[in-house]
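Engineer: Each chain, letter by letter, is given below.
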Amino acid sequence: MAKFIVRRILWMFLVLVVVSVITFALMHAVPGGPFTLEKSLPAATLKQLNAKYNLDAPLHLQYLKYVSDIAIPVVTTGEQSKYLDHEYLFNISLPFGDKATLRWMNFGPSYKTPSRTVNDIFRDNLPVSMQLGAVGLLVTVTVGIPLGIISALRRNTLVDYAAMGAAVLGASVPVIILAPVLQYLLGVELKWLPVSGWGELKQVILPAFALGIADSALVARLTRASLLQVLNQDYIRTARAKGLRERRVVVVHALKNSLIPIVTVLGPMVAYLLTGTFVVETIFGIPGMGRFFVTSVSGRDYQVIMGTVLLFAIFLVVANTIVDIIYLWLDPRIRHE
Amino acid sequence: MATLSDKPERLKGIAQIQQPTRIRGRSLTSDAFRRLCRNRAAIIGAAIVIINILIALFAPSIAPTSFDQAALANSNATPPWVTKIFPGMKPREEGGYVKIDNSYLLGADKLGRDLLSRIVYGARISMAVAIVGPLISMIVGFIVGLVAGYKGGRTDNLLMRFVDIMYAFPTMLFIILVMAFFRAGFGQLEPGTLVHALSELDAAMGGLLFIFIGIGLTAWMGAARLVRGQVLSVRENEYVLAARALGAPTTRIILRHILPNITGPLIITETLGIPGYISYEAFLSFIGLGVNPPTPSWGGMIADGALVIQSYPNQALFPALALFLLMFAFNFLGDGLRDAFDPTLQGRE
Numbered sequence: 003m004a005k006f007i008v009r010r011i012l013w014m015f016l017v018l019v020v021v022s023v024i025t026f027a028l029m030h031a032v033p034g035g036p037f038t039l040e041k042s043l044p045a046a047t048l049k050q051l052n053a054k055y056n057l058d059a060p061l062h063l064q065y066l067k068y069v070s071d072i073a074i075p076v077v078t079t080g081e082q083s084k085y086l087d088h089e090y091l092f093n094i095s096l097p098f099g100d101k102a103t104l105r106w107m108n109f110g111p112s113y114k115t116p117s118r119t120v121n122d123i124f125r126d127n128l129p130v131s132m133q134l135g136a137v138g139l140l141v142t143v144t145v146g147i148p149l150g151i152i153s154a155l156r157r158n159t160l161v162d163y164a165a166m167g168a169a170v171l172g173a174s175v176p177v178i179i180l181a182p183v184l185q186y187l188l189g190v191e192l193k194w195l196p197v198s199g200w201g202e203l204k205q206v207i208l209p210a211f212a213l214g215i216a217d218s219a220l221v222a223r224l225t226r227a228s229l230l231q232v233l234n235q236d237y238i239r240t241a242r243a244k245g246l247r248e249r250r251v252v253v254v255h256a257l258k259n260s261l262i263p264i265v266t267v268l269g270p271m272v273a274y275l276l277t278g279t280f281v282v283e284t285i286f287g288i289p290g291m292g293r294f295f296v297t298s299v300s301g302r303d304y305q306v307i308m309g310t311v312l313l314f315a316i317f318l319v320v321a322n323t324i325v326d327i328i329y330l331w332l333d334p335r336i337r338h339e
Numbered sequence: 002m003a004t005l006s007d008k009p010e011r012l013k014g015i016a017q018i019q020q021p022t023r024i025r026g027r028s029l030t031s032d033a034f035r036r037l038c039r040n041r042a043a044i045i046g047a048a049i050v051i052i053n054i055l056i057a058l059f060a061p062s063i064a065p066t067s068f069d070q071a072a073l074a075n076s077n078a079t080p081p082w083v084t085k086i087f088p089g090m091k092p093r094e095e096g097g098y099v100k101i102d103n104s105y106l107l108g109a110d111k112l113g114r115d116l117l118s119r120i121v122y123g124a125r126i127s128m129a130v131a132i133v134g135p136l137i138s139m140i141v142g143f144i145v146g147l148v149a150g151y152k153g154g155r156t157d158n159l160l161m162r163f164v165d166i167m168y169a170f171p172t173m174l175f176i177i178l179v180m181a182f183f184r185a186g187f188g189q190l191e192p193g194t195l196v197h198a199l200s201e202l203d204a205a206m207g208g209l210l211f212i213f214i215g216i217g218l219t220a221w222m223g224a225a226r227l228v229r230g231q232v233l234s235v236r237e238n239e240y241v242l243a244a245r246a247l248g249a250p251t252t253r254i255i256l257r258h259i260l261p262n263i264t265g266p267l268i269i270t271e272t273l274g275i276p277g278y279i280s281y282e283a284f285l286s287f288i289g290l291g292v293n294p295p296t297p298s299w300g301g302m303i304a305d306g307a308l309v310i311q312s313y314p315n316q317a318l319f320p321a322l323a324l325f326l327l328m329f330a331f332n333f334l335g336d337g338l339r340d341a342f343d344p345t346l347q348g349r350e
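Protein sequence lines, in the order shown, are assigned to chains A and B. Quick note: the first sequence, position 71, residue 73 per the numbering used here, numbers continuous. Quick note: the second sequence, position 224, residue 225 per the numbering used here, numbers continuous.
Hints were generated in silico from the structure; no laboratory data involved. Quick caveat, the model's predicted, so the values are computed rather than measured. A hint or two may mislead.
[Unchecked claim] Okay, the calculated beta carbon distance ranges per label pair:
(1) B:Thr251 to A:Tyr329: 48 to 58 Å
(2) B:Ala48 to A:Leu86: 52 to 62 Å
(3) B:Leu199 to A:Tyr237: 54 to 64 Å
(4) A:Gly34 to B:Ser31: 52 to 62 Å
(5) A:Gly199 to B:Ala72: 34 to 44 Å
(6) A:Lys5 to B:Ile144: 44 to 54 Å
(7) B:Pro250 to A:Ala31: 32 to 42 Å
(8) B:Val309 to A:Asp333: 27 to 37 Å
(9) A:Asn234 to B:Ser31: 24 to 34 Å
(10) A:Asp333 to B:Thr264: 31 to 41 Å
We put the CB at the ideal spot given by N, CA and C, even for glycine.
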């Protein structure tokens, strides 16, 4: 068990390193830099800007500096530096010395908006995306799993056909369609919910459904398939032969085992729902992380590109590791391998 | 996949004794095809796909006008029936804001371009992606999976770990980075070089080439895993051993004995993956990294229409309907194919 977790964590770090190297190489391979503007800057200014942000150093040194700023914690004493280059995500006061503080994870300043750091973006926009994503995930799970269970239990009845028809329908509607349609039907025509915006509880509902419905269709289909497979197993027949009630057979014996494939797909879903999605946030005018994934690339805002990619990758590897640990709990056989 | 029809000489004796008529064997494929034809949803799906292919092929003769013929005077013009189904759109004659024009069947966009014509031409982009996307993914995934599964050992380990890492990479982000790399970088190079030729070709294809490459770089991993798994299980079979014992060269073993066994599952997964490729392209056009304007793409039209959804809902909803129908059709067809080739799965997924 301990060996398993250690191996998983090492793998996590390897993935993060490779992802960051590929992203770093790819974004520097794109011609132009953050200071390539429509009206070009004077050569001297450009040189100073590049020097200030360490962009004139060899690429591998830039990469090493970037990674060490994030990964290596530092202890500072005295007043906090007012420079944005010394702004850390985690600041933990230590009980000794002159205002000694443990600082960790400096994602650097944004080149495009020099008054903000990538940490600022995380602080302001990530919570919005995470709230929206969490509600979207709730929609996915609370719509998808019960729908799948019902159609598995009522297999080949009208209920099943209706539910699975709805699931194919849901899976065929990409979010770039669903979002405008929901907005038009419920916002413009029926005026039940606000068309866009963020801040009120009412404003979460439409975008959360737009986010969650397609995934819930996938989850419903998976739940049905996996529950049907489990219900055919011998131990379920044993449970029924013991005279257990059907409800107990399904809830206690079948459901837990049928959750494995669902948990597998939920891992990556959690990662991309919580880190923000460009389309939903753009259409509904939500100030989340999503747009930075796109605008940072087109603006060559290197620090923001790296920050958002790493943020997503961290969410993804952590979610996948949690999924692997949940496997151990769901299926004891995996524990003994 | 040995079938009755493959060995007529062995059956001849039996057939003559039991039945005077010739026994006609049924191959697995024709069996699957019969099952597919019985599946009504899959047939509807296939019909919609075929209609879309025809529309894409004959777009110039179907579309009322060309896709880029702008008429600023008819900006956002709408035919009367559209204003009736969208009650919010009041014609100017009734004190509203909508300019009525009967010459547009579905309405015009803000540049006065005919929506119907743009939707018809947009089918070309979606169908191209629906055909080329799985093809690239299959070819790349096939080669990687075959090498990994057949060579085994260190090669296998290395390739599969690489696939694992690519899985951890945020696909959308990777594709955005790659597209930005191609779009921004390839325009600025001197003529005569390969990259310049590539970007010329891309421009000639309306921006499709880079979309294909982007999909190719990101979508092969699933196919590679599938092929590797299949190869691993197939190559242990006795007939492969027999072929090797008879001295068949590796290429022959791969082409004659392994390939036929893995094409079925591969085709099914790729068909089920097509809606994914179509929505990739739609997403890329939505964020402005897709096909070059004025080439119409349903994703790009939805993006433009979403901006004016409160006043002109038809501009987003009609292309959305087209995109939805095509994805729906491919989903049905893929489900039907899977059920047809693997009857044990019937009604499971």
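Engineer: Can you list which hints this structure breaks, lowest number first?
Structural biologist: 1, 6, 8
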